[in-house]
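> Sequence:
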Amino acid sequence: MAPTTKSHALRAKRLGIDTHDEAVIYMRSDCHVCRAEGFSGHARIRVTTDKKSIIATLNTIVSDILSPGEAGFSESAWRRLGVSEGDKITVAHARALDSLSRVRGKVYGQALADDELAEIMRDIVQGRYSDIHLSSFITACAARGLSEQEIVGLTRAMVDAGERLTWSATPIVDKHCVGGLPGNRTTPIIVAIVAACGLTMPKTSSRAITSPAGTADAMETLAPVDLNLAAMRRVVEREGGCVVWGGAVSLSPADDTLIRVERALDIDSEGQLVASVLSKKAAAGATHLVLDLPVGPTAKVRSSSDADSLSEHLLRTAKAFGIEARAIRTDGRQPVGRGVGPALEARDVLAVLEGAQQAPLDLKARAVTLAGVLLELGGAAASGGGEDLAEKTLADGRALSKFQAICEAQGGMRTPPIARQQWPLAAHSSGRVTSVDNRRLAKAAKLAGAPGAKAAGLEMHVRLDDLVEKGSPLFTLHAETSGELEYARDFIESHPPIIDIEPAK
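Note that my numbering gives residue 230 to position 230 of the sequence shown, counting from 1, and the numbers run on in steps of one.
Be a bit skeptical, because a hint or two may be false.
PhoX-like cross-link-like pairs, simulated, lysine-lysine; straight-line CA separation at most 20 angstroms [stated by the list, open to error]:
| no. | residue 1 | residue 2 |
| --- | --- | --- |
| 1 | 505 | 470 |
| 2 | 88 | 51 |
| 3 | 88 | 52 |
Don't read these hints as lab results, they were simulated from the structure.
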């Protein structure tokens, strides 16, 4: 017999279980409601209070952690419901989602129309998709690929499902790196430079997806980044720029949900990458955009042909939203800067802004190049004069002053933490550094605890073509616990060298 649609009352209990963003309801396996409604594990349940309703995934329990007549909730579900201990809640079957049939169609190779993508994004933002459903959508889009029309449609659907900023002044400039390269924390430097030169740059950044640090992770060690829209607007109107976490301002909120699952799956496909990048830029009101595409054998973009394809999709999609964009290919053969991990990368940023003697020159050069392009695109510098202006803005201290002002406006400047545990990897032979495996280097930093442990990661001591002596340090692991340090060290020592050294000629 089909389940009834009648709701059943239970008492709410907070179990204190962290299920990340997925709302989970826990019910006894012998619960009379489960039996009456035919609920089973992983069923999608509508939970309702006198004020609010959410969709949650059912987990059944066989212990006495719940008394008869009680329903337990994960932390995510508890926050969304806004209930108190013992409050009355009712449960019923969630209605079937029509949009899931579109996802199944994509699994079998059918294209997704604009209205279908819009329906999927609305359901995702309203919390109707479980992590299983999200994984299906992400995997289908990655395996089957997205056409140009689908990429534009997905981007528009992601924008429309969230807030959209408008600004009184133009141009609004922005920058994005497609990632895949450890370090490369140019964004805070670029924001400081262009804002100091009078342009407006409301930068929303992501946390790490598959890397040891995202820009938001690194910036969070220097200043608060969890600003809401009103706070973000105040900072930008006061200082001309900001560096905040996009997930806190509800710009393209579906993107943050998808990123969380992409991180778990270690999937970051081209079509979804383009939609992720451009939905945030369009929602933030960007009119001019520079795109950093690092190309290298162990970067995310591995070849010129891959760069051609990605650049074309990014630029065409940007044009569809009225954004004037320029894609810049950069060297992706090795990390940028010395630090890999939130706090270590933040220290590199400060060194460049402060003009410190030990500042990584490659990070400075890349930031100056990209800032120069933005200054020209935004009309603050004549064609060909952007890099000189960016360089001068760093040298005379205006960029540092602007960065400090932005940090204070975002809630106060912080000092990046230092890891308690460190271990240097010594060169096994003398010679010349011939290659660096970015992917395994990033994995080592993540095993050390990054990005969750802000001080964790690694610090590079050599670069391509450097001459090294046997026993000299190649990089130093940083971890907050001895266990994480040993875990990362075991990975490094049990695999082929991350940094190749050949005899010098």
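> If a hint holds in the structure, say so; if it does not, say that too.
Each hint tested on the structure:
With a C-alpha separation of about 16 angstroms, the suggested pairing of residue 505 with residue 470 holds against the 20 angstroms cut-off. Note on residue 88 and residue 51: the hinted pairing holds, with a Cα-Cα distance of about 11 angstroms set against a maximum of 20 angstroms. Taking the CA atoms of residue 88 and residue 52, the gap is about 12 angstroms. The hint holds against a cut of 20 angstroms.
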